[in-house]
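Number of protein chains: 4
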Amino acid sequence: MPIRALVWNENEHEKSNALVRRLYPDGIHGAIAKAFAGDAAVTVETATLDMPEHGLTQDRLDRTDVLLWWGHMAHGKVDDAIVERVQKRVWEGMGLIVLHSGHFSKIFKRLMGTPCSLKWREAGEVERVWVINRNHPIAAGLPEYIEIEYEEMYGEPFTIPEPMETVFISWFEGGEVFRSGVTYQRGAGRIFYFRPGHEAYPTYHNPQVLQVIRNATHWAHNPAAPWRSVGDAPNVPHDKAPVPLEVKGPRLHADGEEGYR
Amino acid sequence: MPIRALVWNENEHEKSNALVRRLYPDGIHGAIAKAFAGDAAVTVETATLDMPEHGLTQDRLDRTDVLLWWGHMAHGKVDDAIVERVQKRVWEGMGLIVLHSGHFSKIFKRLMGTPCSLKWREAGEVERVWVINRNHPIAAGLPEYIEIEYEEMYGEPFTIPEPMETVFISWFEGGEVFRSGVTYQRGAGRIFYFRPGHEAYPTYHNPQVLQVIRNATHWAHNPAAPWRSVGDAPNVPHDKAPVPLEVKGPRLHADGEEGYR
Amino acid sequence: MPIRALVWNENEHEKSNALVRRLYPDGIHGAIAKAFAGDAAVTVETATLDMPEHGLTQDRLDRTDVLLWWGHMAHGKVDDAIVERVQKRVWEGMGLIVLHSGHFSKIFKRLMGTPCSLKWREAGEVERVWVINRNHPIAAGLPEYIEIEYEEMYGEPFTIPEPMETVFISWFEGGEVFRSGVTYQRGAGRIFYFRPGHEAYPTYHNPQVLQVIRNATHWAHNPAAPWRSVGDAPNVPHDKAPVPLEVKGPRLHADGEEGYR
Amino acid sequence: MPIRALVWNENEHEKSNALVRRLYPDGIHGAIAKAFAGDAAVTVETATLDMPEHGLTQDRLDRTDVLLWWGHMAHGKVDDAIVERVQKRVWEGMGLIVLHSGHFSKIFKRLMGTPCSLKWREAGEVERVWVINRNHPIAAGLPEYIEIEYEEMYGEPFTIPEPMETVFISWFEGGEVFRSGVTYQRGAGRIFYFRPGHEAYPTYHNPQVLQVIRNATHWAHNPAAPWRSVGDAPNVPHDKAPVPLEVKGPRLHADGEEGYR
Chain S
14 MPIRALVWNE
24 NEHEKSNALV
34 RRLYPDGIHG
44 AIAKAFAGDA
54 AVTVETATLD
64 MPEHGLTQDR
74 LDRTDVLLWW
84 GHMAHGKVDD
94 AIVERVQKRV
104 WEGMGLIVLH
114 SGHFSKIFKR
124 LMGTPCSLKW
134 REAGEVERVW
144 VINRNHPIAA
154 GLPEYIEIEY
164 EEMYGEPFTI
174 PEPMETVFIS
184 WFEGGEVFRS
194 GVTYQRGAGR
204 IFYFRPGHEA
214 YPTYHNPQVL
224 QVIRNATHWA
234 HNPAAPWRSV
244 GDAPNVPHDK
254 APVPLEVKGP
264 RLHADGEEGY
274 R
Chain V
14 MPIRALVWNE
24 NEHEKSNALV
34 RRLYPDGIHG
44 AIAKAFAGDA
54 AVTVETATLD
64 MPEHGLTQDR
74 LDRTDVLLWW
84 GHMAHGKVDD
94 AIVERVQKRV
104 WEGMGLIVLH
114 SGHFSKIFKR
124 LMGTPCSLKW
134 REAGEVERVW
144 VINRNHPIAA
154 GLPEYIEIEY
164 EEMYGEPFTI
174 PEPMETVFIS
184 WFEGGEVFRS
194 GVTYQRGAGR
204 IFYFRPGHEA
214 YPTYHNPQVL
224 QVIRNATHWA
234 HNPAAPWRSV
244 GDAPNVPHDK
254 APVPLEVKGP
264 RLHADGEEGY
274 R
Chain H
14 MPIRALVWNE
24 NEHEKSNALV
34 RRLYPDGIHG
44 AIAKAFAGDA
54 AVTVETATLD
64 MPEHGLTQDR
74 LDRTDVLLWW
84 GHMAHGKVDD
94 AIVERVQKRV
104 WEGMGLIVLH
114 SGHFSKIFKR
124 LMGTPCSLKW
134 REAGEVERVW
144 VINRNHPIAA
154 GLPEYIEIEY
164 EEMYGEPFTI
174 PEPMETVFIS
184 WFEGGEVFRS
194 GVTYQRGAGR
204 IFYFRPGHEA
214 YPTYHNPQVL
224 QVIRNATHWA
234 HNPAAPWRSV
244 GDAPNVPHDK
254 APVPLEVKGP
264 RLHADGEEGY
274 R
Chain D
14 MPIRALVWNE
24 NEHEKSNALV
34 RRLYPDGIHG
44 AIAKAFAGDA
54 AVTVETATLD
64 MPEHGLTQDR
74 LDRTDVLLWW
84 GHMAHGKVDD
94 AIVERVQKRV
104 WEGMGLIVLH
114 SGHFSKIFKR
124 LMGTPCSLKW
134 REAGEVERVW
144 VINRNHPIAA
154 GLPEYIEIEY
164 EEMYGEPFTI
174 PEPMETVFIS
184 WFEGGEVFRS
194 GVTYQRGAGR
204 IFYFRPGHEA
214 YPTYHNPQVL
224 QVIRNATHWA
234 HNPAAPWRSV
244 GDAPNVPHDK
254 APVPLEVKGP
264 RLHADGEEGY
274 R
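Protein chains in written order, with the numbering used here: chain S, 14 to 274; chain V, 14 to 274; chain H, 14 to 274; chain D, 14 to 274.
Quick caveat, the hints were computed from the structure, so don't treat them as lab data. Treat the hints with care, since some could be wrong.
[Unchecked claim] Using 20 Å as the maximum straight-line C-alpha spacing, the simulated PhoX-like pairs for lysine-lysine come out as follows: (1) H:Lys90 to H:Lys28; (2) V:Lys101 to V:Lys28; (3) S:Lys132 to V:Lys261; (4) D:Lys28 to H:Lys132; (5) H:Lys132 to D:Lys253; (6) S:Lys101 to V:Lys132; (7) D:Lys28 to H:Lys253; (8) V:Lys132 to S:Lys253; (9) S:Lys90 to S:Lys28; (10) H:Lys132 to D:Lys261; (11) D:Lys28 to D:Lys101; (12) S:Lys132 to V:Lys28; (13) S:Lys132 to V:Lys253; (14) S:Lys261 to V:Lys101; (15) H:Lys261 to D:Lys132; (16) H:Lys101 to D:Lys132.
If you're wondering where the values come from, they're calculated on a predicted model, not measured in any experiment.
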């Protein structure tokens, strides 16, 4: 069964800015979705902020294996209840790929538990994305670095938790460095953050950038059945314990009672 | 200058339950605070849910080096704005020690980004807390394990991020295991979760448990000046870059503009 | 193309001990190899200490995707040159699964850089292997724990580096705990240590134990081309740098010189 | 009691090369030792390759809290038995700070279990060492980066295990990046690798570089008593188990027998 990818984009710059519209006539989501052209192992759909429930209904998330996220000027417009829904699906095992300015999205900050802040500069400078973890599946098919002629600079410190794996680190013409490709697991869900992709440049037409996005989608896919009960705190009665017990000492909780949350 | 510790307790069971009141006549916070009796390197204060702003005003948090957190039945009563304030202070460098049922506190779930769920059983069984990372400062002065005669069981899977360090793992009489002492860093703040401490048992009178709490407070203290700007995303102008640049290509942002959040 | 697994066993207890021979008439390697019966995605071969070059010639290792290792009484008889050869192949991307008493094998100690020591007891006690990372591919198809009626106890502290992922933790009847399933990456190679498997008990006839071994073999397989140059330290001449440079300041090395090792 | 630091240097370039001698008239070890001038909390000694037992007798290592290591052209001349001795002391809790070309030292490769390879170029280019983990004790007192006018380039991939903490990442004028400050724990010992320090440049006269070395020495110091038995595998008799047991099933080991290694 193919991996069901869903590319989410706020799709706001495209409406208000002619330059972005010219670069991405099908929207940034449309350009990202082309990463999967010719990949029979992935089916891809798109969703945008202005759809009902931002295109992220429970039913649709339940049919999504890997969600890709691009947001920037409208982070604050994303409904908190939908962010919680997405977070729960990640915990259940849905993969999540957060792109570029998505570092400040509600969903990424919630999953990291950190500010996810950084330095930035929009000067069209050269970015060289070095492969650190050479034979990692996310780096499959890449040379030793990806060179991007025009990009926005993101600089350290990037206030994220220490990654599970550091796949890419970027060098910028203006003198900064940045951890550009990092992996995490939260609940059963795999998360990959990938830095490049400023809306004012044609980054999402770069075949190597698209290859990383395609690789990461395969990597983030967890074929296990969704872990629906991931947030539950079940009580194990004393007589159902792996080693059945007599209750000793005092108790506050009555039999069968739910835990506090 | 001594470490300024603040022990926070919801202090609700103590009001409603005679057993807890008998075990902890000064409140659970009072018992925990005694961990620092005789430790001249630490000054300790306490705060409770029913104080104005839960005793966690900005000013008081700014004067706190390490916060210890005990909560259970009243997690939901903790004000979201105060949780955000505490989270910001952790990012700035304040240490945080989360105790027992605090695994489900808003502050711990926010910092972890995961459900923090687990299995549980209240049967007064034996817990044996094994030291995994023997010469870690949090384990200083301990034998190879702490044996606690009566405790509530917490069982895996404990849905936390993979820890930076695993200091303790518990064995339970009824057959379960649990990662009972784990460390993290979020922003500049060090975080330690420590499992034992059910309100129906005298765990916080156990000298070894108090020693862990004291050790962890020393470990979690970050003497660096608070990182007040930890959440900022400063723009670095092209002519102030480490390697000054000419701007190339198109731009969306005007000079001096703030980033989107 | 199927994954090419190679099960290595010292095969010494089988020669000297009737009990082991009775439990494992085809050798421990023979029993482990049966994990792949019916798995068309894996081809399996075996090798033993008494073969020329321990059955681990360069050619054979080059044709191996995942190596499984069982050793105990003959760790010291494994030739250092062959251990180095295996280590190099792991760095190049060959997966390695180290089983039970293999914790003290030369290859595991070399890859970990730590003593890999532990406590132990041979008393035929119950081991309950808890799944910690529930939807990890290595835990696919398992219930919440594997119960093994008779096993040797291994107890913490297990002196390994902090794992990349903790997949299993064991509870023992006699009161100890142990990190029984842990993952690492070294160079391009993925490593999994799995605890159960004492030669005096029928552990390798347990279908759940075999399932973990099969799962881990799939997980450890890195389909990338071998990273043959993983140990090289290439010089990048100044005029071949990504940003070509003029040489400044003094130099010790002549052009084209090899680095020191 | 002050921290007892020992700076080890192969001291070979200083003998054979007039340039290095002019830069470091007291040897590289002499320059590094000056990091502790005015730090009353550290006493410092030095040792060199040409001393008996390379100046690293068991007695001297036993009196060392933190060992600093600089080596390059003579890695192969370091005696294997002494490398094992140093490794054991790290496991017991001695801190280790590996500097620059020490990435290819026997002791670092043994503790990492990886090739520790990298790219390099000697062109006197600018290195900018960015602080990634801003309030980490190793970064105390530093600005957002250290700029070094002339340095040898080291480029990724640096084949090390994923670090416990990434403290520094370097930017190089010629276009490469490198993880320049990384931490590990092996056994009870803390390890810090710090990149700058090519023998042909005055790097060890840079006050910020010396500050990192001083900070790291404080960080690496483990005040716990040495863990002498860190490599032992003690047998726990069934009647001395935390939960005393009757022996069940067959046994291979006789009572009191040592484990195999």
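Results of checking the hints against the structure:
no. : hint                 : result
1   : H:Lys90 to H:Lys28   : holds (15 Å)
2   : V:Lys101 to V:Lys28  : violated (30 Å)
3   : S:Lys132 to V:Lys261 : holds (19 Å)
4   : D:Lys28 to H:Lys132  : violated (49 Å)
5   : H:Lys132 to D:Lys253 : holds (12 Å)
6   : S:Lys101 to V:Lys132 : holds (19 Å)
7   : D:Lys28 to H:Lys253  : violated (32 Å)
8   : V:Lys132 to S:Lys253 : holds (12 Å)
9   : S:Lys90 to S:Lys28   : holds (15 Å)
10  : H:Lys132 to D:Lys261 : holds (19 Å)
11  : D:Lys28 to D:Lys101  : violated (30 Å)
12  : S:Lys132 to V:Lys28  : violated (49 Å)
13  : S:Lys132 to V:Lys253 : holds (12 Å)
14  : S:Lys261 to V:Lys101 : violated (42 Å)
15  : H:Lys261 to D:Lys132 : holds (19 Å)
16  : H:Lys101 to D:Lys132 : holds (19 Å)
Hints 2, 4, 7, 11, 12 and 14 from the list above are not met by this structure, while the remaining hints are.
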